[in-house]
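Q: Sequences listed follow chains A and B, in order. In terms of UniProt numbering, the first sequence opens at residue 1 and continues consecutively. In terms of UniProt numbering, the second sequence opens at residue 1 and continues consecutively.
Please note that a few of the clues may not be correct.
Same chains, same label: a pair holds when it works inside one copy or across any pair of copies.
For lysine to any residue, the following SDA-like pairs were computed, each having C-alpha atoms within a straight-line distance of at most 25 Å [as the list claims (entries may be wrong)]: (1) Lys213 <-> Ala30; (2) Lys224 <-> Val193; (3) Lys213 <-> Arg258; (4) Lys224 <-> Leu12; (5) Lys213 <-> Lys224; (6) Lys224 <-> Thr316; (7) Lys213 <-> Asn65; (8) Lys213 <-> Asp50; (9) Lys224 <-> Gly202; (10) Lys90 <-> Gly111; (11) Lys90 <-> Ala109; (12) Lys213 <-> Thr187; (13) Lys224 <-> Asp297; (14) Lys224 <-> Asp186; (15) Lys224 <-> Ala192.
These are calculated hints, taken from the structure and not from any lab test.
2 protein chains.
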Amino acid sequence: MTETLTLNEQMLERGRCARAAAAGLRDAPAGARTRALDSLARRLTAAEADILAANARDVAAARANGMAEAQIDRLLLTPARVAGMAQAVKTIAAVPDPLGVETERWTPANGLDIARVRTPIGVLGVIYESRPNVTADAAALCIRSGNAAILRCGSDCLQSSLAIAGLIAESLAEAGLPADAVQLVDTPDREAVGLMLGGLEGAIDVIIPRGGKSLVARVQAEAKTAVLSHLEGLNHTYLHEAADLEVARAVVLNAKMRRVSVCGATETLLVDRAAAERLLPPVAADLIAAGCELRGDDAARALVPAMVPATEADWTTEYLAPVLAVRVVEDLDAAVAHIARYGSGHTEAIITTDATSAERFAAQVDSAIVLINASTQFADGGEFGFGGEIGISTARLHARGPVGAEQLTTYKYVVRGQGQTRP
Amino acid sequence: MTETLTLNEQMLERGRCARAAAAGLRDAPAGARTRALDSLARRLTAAEADILAANARDVAAARANGMAEAQIDRLLLTPARVAGMAQAVKTIAAVPDPLGVETERWTPANGLDIARVRTPIGVLGVIYESRPNVTADAAALCIRSGNAAILRCGSDCLQSSLAIAGLIAESLAEAGLPADAVQLVDTPDREAVGLMLGGLEGAIDVIIPRGGKSLVARVQAEAKTAVLSHLEGLNHTYLHEAADLEVARAVVLNAKMRRVSVCGATETLLVDRAAAERLLPPVAADLIAAGCELRGDDAARALVPAMVPATEADWTTEYLAPVLAVRVVEDLDAAVAHIARYGSGHTEAIITTDATSAERFAAQVDSAIVLINASTQFADGGEFGFGGEIGISTARLHARGPVGAEQLTTYKYVVRGQGQTRP
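Chain A with its partners taken away, still in its complex shape:
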């Protein structure tokens, strides 16, 4: 019991420190936040050897624990990956500071001058798994957006993350910002996650889980705070009867196979019956040649006999693997209905040369991102021009889609009067 109490007390103290640091970070000029980020990018490069040494300890422990090589690859840092981390921080440093920006200003009938101004959310709790680069990425986005953060990494990458967190604290201090503005939970005790999900007595404004479905599901079920997350990206690409064949071939292959493990990967292909004979065999041939397993309904299998039969479960499965479900639909309405029933509200695409159909699809599909003639793998904050992202949200409040620095802000109203009283 004493140990649990101690961890609880430690975490509450982290929460109080984060809340206090949040005000300092928020009230500092944008230049200080930019300096901290520039400093972090430099320090990551300069401390490459230390980071790699810490990472080697994580990797050795993981191997000793029998971790699979695919998972070790997520944990592993290399000189190129450290350079990539530093570059990601530089990119976020170059994003315009979102704070203090007036997004609207107007004067209603009462003569008041009302401005809507961006402010930080406050304190973010970021819970992630074994990718050590998230430590730098998440810290950079929090600093750019003026939010304090409590980071909790998987125990697998704790040594790597501690090395990076030390650089973050130095960078904040160098820029005259509170070093407590970004804290890494330095114990592998899993109870710390539960304490964060409880909100640390109101010190955490929002929890952002970054990781696999089991982590996100736990966070969504247990968090007492707000959560920004997506559980899954069950994304569809729909080949409309007026699709251009070459666009369809290139986009579908990219949407499924560029990287099969990302949340923007297409998991189900829908094809209009009227164009299935023209489109499906060549699109399927490309996918099969690239090593993708296809699971089709009867109409799709009649055109591509190499497909295995799809079952109802295939419409609801986020494979994150070289597997694609394929269904022939009657028309655009049927495609929209399939997506409404089985989709996860993340990202969907239509391929068509018919602008009217494209716009109808974009209007009726209720997902965070709807693409016309482009790959679902563009679901990414970097590709959106946000400089980075802390994740993609399928929540319906606050931010949807890629969550960059601007999406980590809220707003307040500043109302300027000349002594007005309300009648």
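Starting from the known structure of chain A, arrange chain B on it as the hints suggest.
A: Chain B alone, transformed into the frame defined by chain A:
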């Protein structure tokens, strides 16, 4: 048990109907939503006698149950109040339709044409108490913003609300919209509230409580869904040393006494020590003359002996009554610190002729609304030009401040390409 199951089944069916109706409401043209609102305003006027008759039954039952007259006044409808309800709906009908509006559009380096477009949140659960006008108000804001709604009123106003809900359904149907888009829970069974807070198996996207602190606290503690709410408006007016005396007198009197029971009322007055002798006696005299009890710290009482001594509890009490806490502070930093410690993040005001101090206060006070030289009682969606509000949010995600039709929307990204694939 059978009864509970039956209510649960009924509520789940409401959820499913609301979800289905939400799509119909969302995809309908703005004109249809406007026609439904115009129709509702007309029907409220035409059905005045029916509404008043239903209300008379509610009032009679409340009297029979021994309800206090102050509470009966909240429940009571009169011809003027019915006309006010119709006018409120007309005002909301005149608000520009927020849906489909592109709030941003840009092209990042990859050449994609990215647009951010407003869409409805989905299904709102509105839980309120004994004011029957909320039935019409909330329905009108939901229709304007394209959200389906499940309304749960207090049992005290159920007959009045049922009469109004019948008109809402007729108005939706007349405009060709799903009549299920706004549903009133027609049982006084309190268990229905718990079921709504559970989210009805994902059918409710956000719960909006409208009512007293005990209702809001219960919703915040128990809701499994997102919540848009404020628990309290512990608002401050700060008289800076450079305050104009006449502005201070007029604004403080209005901020406290215009209506003491609204969430935008000032609850604590802060006064700079350097100007306390000049400002506090006349400001206090106005308040005392208007029937306000003042509770001051020692420095304030030295200047205004009629004040009773304030205790620590006074800094944390939302009186919602003709009572005002008064504290002398050293300077602007001390005022900001007092607000950060004791405020509820709702609405604060500074009175000053010094623009630099005003802007510093506006930047450093982290509340949903910060006013310069104006009454805190302007914290109101109507005063902000929103045409109405479903409440004021002190949440830090999604909407802060007055929540009108636009604040009840979310967004999606529509991305237009020409066959782009991601490298």
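Q: State the violated hints by number, sorted upward, taking the hints as numbered earlier in the document.
A: Those not satisfied are hints 1, 8 and 13.
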